[in-house]
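Asks: Whole structure, please, built from the sequences with the hints as guidance.
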Amino acid sequence: MNMLLKAGVAGLALVMASGFAADAKTPKDTLVMAWVFDDIISLDPAEIYEFSSSEYMANTYDRLIVQDLDNPGAVKMQAAESWSASDDGKVITFKIRPGIKFASGNEMTAEDAEFSIERYVILDKNPAFILNQFGLKKETVKDMVRVKDASTLEVELDAPYAPSFFLNCLSFTSAVVDKKEVMSHEANGDLGYDWLRTNYAGSGPFVLKGWKPNESLVMEANESYWGGAPKIKRVLAKNVLESATQQLLLQKGDVDMARNLTNDQLTAIAGDKNITVAATPKATLWYMGLNTTNPNLAKPEVRQAMKYLVDYDGLAKTSFKSIGIKHQTFLPEGQLGADNETPFTLNVEKAKELLAQAGLPDGFNITMDTTNKTETRLLSASIQNTMAKAGINVIIKLADNKTTLTKYRASQHDIYIGQWGSDYQDPHSNAEGYLMAPLAKRNVWQLPENETAVLAARDEKDNTKRAAMYMDLQKKALETSPYIIMFQQIETAAILNNVKGFVIGPTFDLNLYANVTKE
Amino acid sequence: MLIKSRRLRGLLNSLGSVAVTLFGLLLVTFVISRMLPADPVLAIVGDHATDEYVERVREQLGLNKPILVQFWIYLTNVVQGDLGQSIRTSQPIAQELLTVFPATLELATLGTLIGVVFGIPLGVLAAVRKDTLIDHIVRFFGLVGYSVPIFWLGLMGLLVFYAKLDWLPGPGRLDFGYEDMVTPVTGLMTVDTLIAGDMDLFKNALGHLILPASLLGYYSLAYISRMTRSLMLGQLSQEYILTARVKGVSESRIIWKHAMGNVLVPLITVIALSYGNLLEGSVLTEAVFAWRGLGLYITDAIFGQDMPAVMGGTIVVGAVFIVINMLTDVAYRLLDPRAQ
Chain A
11 MNMLLKAGVA GLALVMASGF AADAKTPKDT LVMAWVFDDI ISLDPAEIYE FSSSEYMANT
71 YDRLIVQDLD NPGAVKMQAA ESWSASDDGK VITFKIRPGI KFASGNEMTA EDAEFSIERY
131 VILDKNPAFI LNQFGLKKET VKDMVRVKDA STLEVELDAP YAPSFFLNCL SFTSAVVDKK
191 EVMSHEANGD LGYDWLRTNY AGSGPFVLKG WKPNESLVME ANESYWGGAP KIKRVLAKNV
251 LESATQQLLL QKGDVDMARN LTNDQLTAIA GDKNITVAAT PKATLWYMGL NTTNPNLAKP
311 EVRQAMKYLV DYDGLAKTSF KSIGIKHQTF LPEGQLGADN ETPFTLNVEK AKELLAQAGL
371 PDGFNITMDT TNKTETRLLS ASIQNTMAKA GINVIIKLAD NKTTLTKYRA SQHDIYIGQW
431 GSDYQDPHSN AEGYLMAPLA KRNVWQLPEN ETAVLAARDE KDNTKRAAMY MDLQKKALET
491 SPYIIMFQQI ETAAILNNVK GFVIGPTFDL NLYANVTKE
Chain B
267 MLIKSRRLRG LLNSLGSVAV TLFGLLLVTF VISRMLPADP VLAIVGDHAT DEYVERVREQ
327 LGLNKPILVQ FWIYLTNVVQ GDLGQSIRTS QPIAQELLTV FPATLELATL GTLIGVVFGI
387 PLGVLAAVRK DTLIDHIVRF FGLVGYSVPI FWLGLMGLLV FYAKLDWLPG PGRLDFGYED
447 MVTPVTGLMT VDTLIAGDMD LFKNALGHLI LPASLLGYYS LAYISRMTRS LMLGQLSQEY
507 ILTARVKGVS ESRIIWKHAM GNVLVPLITV IALSYGNLLE GSVLTEAVFA WRGLGLYITD
567 AIFGQDMPAV MGGTIVVGAV FIVINMLTDV AYRLLDPRAQ
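First to last, the protein sequences are chains A and B.
Residue 11 is where the first sequence starts when you use our numbering, and the numbers rise one by one after that.
Residue 267 is where the second sequence starts when you use our numbering, and the numbers rise one by one after that.
Just so you know, these hints were derived from the structure itself, not from any lab.
Possibly wrong hints are sitting among the right ones.
[Said to hold, decoys possible] Calculated lysine-lysine pairs in the DSS-like style (CA-CA distance at most 30 Å, straight line):
| # | chain 1 | residue 1 | chain 2 | residue 2 |
| --- | --- | --- | --- | --- |
| 1 | A | 38 | B | 469 |
| 2 | A | 222 | B | 396 |
| 3 | B | 331 | A | 35 |
| 4 | A | 219 | B | 469 |
| 5 | A | 222 | A | 35 |
| 6 | A | 111 | A | 148 |
| 7 | A | 38 | B | 430 |
| 8 | A | 510 | A | 475 |
| 9 | B | 331 | A | 283 |
| 10 | B | 469 | A | 528 |
| 11 | B | 331 | A | 147 |
| 12 | A | 152 | A | 471 |
| 13 | A | 485 | A | 475 |
| 14 | B | 430 | A | 331 |
| 15 | A | 243 | A | 331 |
| 16 | A | 486 | A | 309 |
| 17 | B | 469 | A | 243 |
| 18 | A | 86 | A | 100 |
[Claimed, not checked] In silico contact screen, one side only, chain A against chain B (beta carbon under 7 Å); selected entries:
| # | residue |
| --- | --- |
| 19 | 42 |
| 20 | 51 |
| 21 | 132 |
| 22 | 136 |
| 23 | 250 |
| 24 | 252 |
| 25 | 254 |
| 26 | 255 |
| 27 | 264 |
| 28 | 367 |
| 29 | 413 |
| 30 | 433 |
As the structure is a computational prediction, the values presented were derived from the model and not from experiment.
Ideal Cβ placement from N, Cα and C applies to all residues, glycine included.
Replies: In structure tokens, the structure reads:
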């Protein structure tokens, strides 16, 4: 089946490469995308946490602050026009930008911002933990988030954190919803949750026109957007699951953009003159987690040996050519303090040496849990092959994503292979994930000294010092950690040449349509 | 009076067996899905959720209760006509099924029609010309339809008729951007566009239907023609055919009247089964053609551990088979004098 599938795709590519001009058939004022967005479970910003819904939020809601595309690792003002911190660093004050109007016509005030932040915490959905970190809990949030006047909002924190840490976190969880509109749909004290999860109450460059789960998502330009109306009138996204179908639609000109092409397909269309591929590294890493309760994996020499048994360069040139870059530290490129060094290469001799030191000169048997996602499967097959060269016999256990994850969360794996993306664009997200919890917990590698160092880095107010502390943590992790980090994901969009201005940002939400034009 | 009560008892009996069948189907689906080693909560909360959040959602969904209690709650809701809400999309399941099932119904019906219209004559032809070149060609053609993955055929079909020749429109039920212009009445796109009186949209909908329906039609044709051939061969060697020939009855009358009369009864079962299979939805065809039908819906639901959606889909599939069985019974009575 798989071979036939491949043959089909290759056949497709071959015939298409012989070329038929894409005759743009989509309406001039509409951006039409083929995109897999079946991960959307809610349109309520207080619940939004998945990739596709985050992108929806970034295009339809204003947040107090957002990540600055031109300046990775820094934030810029959006619905807020300025911020300031009190002398003790515990109170952050935002000035709301005047003249922002919601789709309902209501003007945005500090009261909307207060309501929105409280809503994240009180509804207590997935993203709530990001704000919980600052002591904003269900019981306290109403006292800690305060309206000073119509345009001033104060947020009190339970301790003086590094301002960059708080702002980076808030850049994801500060979408401002229209309080009057949302509350007019409240039922049984749900703060309008039941309504908003399928409806819209924002002020962003686009407004929601229609959402059919797993089918279509339609957004229309907000002509009176304070930052200037988008250049395109409408965005129509169609959920096209099959990537070969996405490729066909794009080459035929029935969509302007295909968002989920595979590495093979991207290679196949590389020669097509009508198509450009936009690509940006995202804060998601492919890695292996080694469970240290396995007696072999408990030995640091074994873990180091395994880091030398991955064909990083070979994979980067083949299976990951268009979708990943080699990356070996736990902070992705683009985050404060990211260390982009790649000390490990495929070195079987070195690995054998280390295994001998560990008392395992003949290798050992080990299982690896992997999902049926194409890239992960290719990756695990290659790793199985290279590990065997040093006598490590990897037994691959293939299952669907949720089965593998269930095992991993319960630490029932030997080796887990998969992806991990940052929750928010601050180095603390991954530092905490890899060195404290949840990944350190799943791989049973929670060390008190790591926790101390991670928290110290989180609270360091001097950004240069903070970056240096993360550099240090990454170097230590390279030497001792049970993680074999291999690639940083590149997100791609294959776009017809007459369409310009689509932005793929470094965070998973900031893929923006506002500057898209069609000739 | 006696006849009436016997009929009533018969009706009650069949209603009872329908209820038992559906109940068994639901119980098995429920238990199997709950025995999967994957945690259904993860479908909603994702990889990153904290343990506390996972537990809270588990409680909200009632997944911390014993399996049989969960099943009982589900069953009492279903009996009251509430199929529940999809875990992944927060939409009522009944409403989702009302959009995906007609999409499959449209495809499966046209597919089966194509299969019958071409499959029966081809099967008869092969039987009559047994072991000749024509027979081999028909059998080979059928074999290809049966053994080549429908996924690959679908992609090739799109490539040739949509991308290369430009004879047919591409994936989807209508051209992108037009879908929201049709008000759903029956859910069948061709019918709804006709009701709206928009001939251009109707042509568009029909165009989109042709390729995937032909594909399913080919698949069902392969099955129907093979079965027709072997059923027909069985009849043609019977003595009554010889008698008819001796009596000088014309060959076409022998085949289409005498032999076909006997072939038709078992053939109805073949067609009904094939129709039933298509009505479950063809996951691969639906995936290739971006056709949101029942097959894709149930598959997505299974992978997403969306239990209410899986159960809802199961009820539809069960109901489809029950209805088809009943129709087959009716057809038997009409076609077979002995059953009357």
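Asks: Sort out which numbered hints this structure fails and list those numbers smallest first.
Replies: 2, 3, 8, 9, 15, 21, 28
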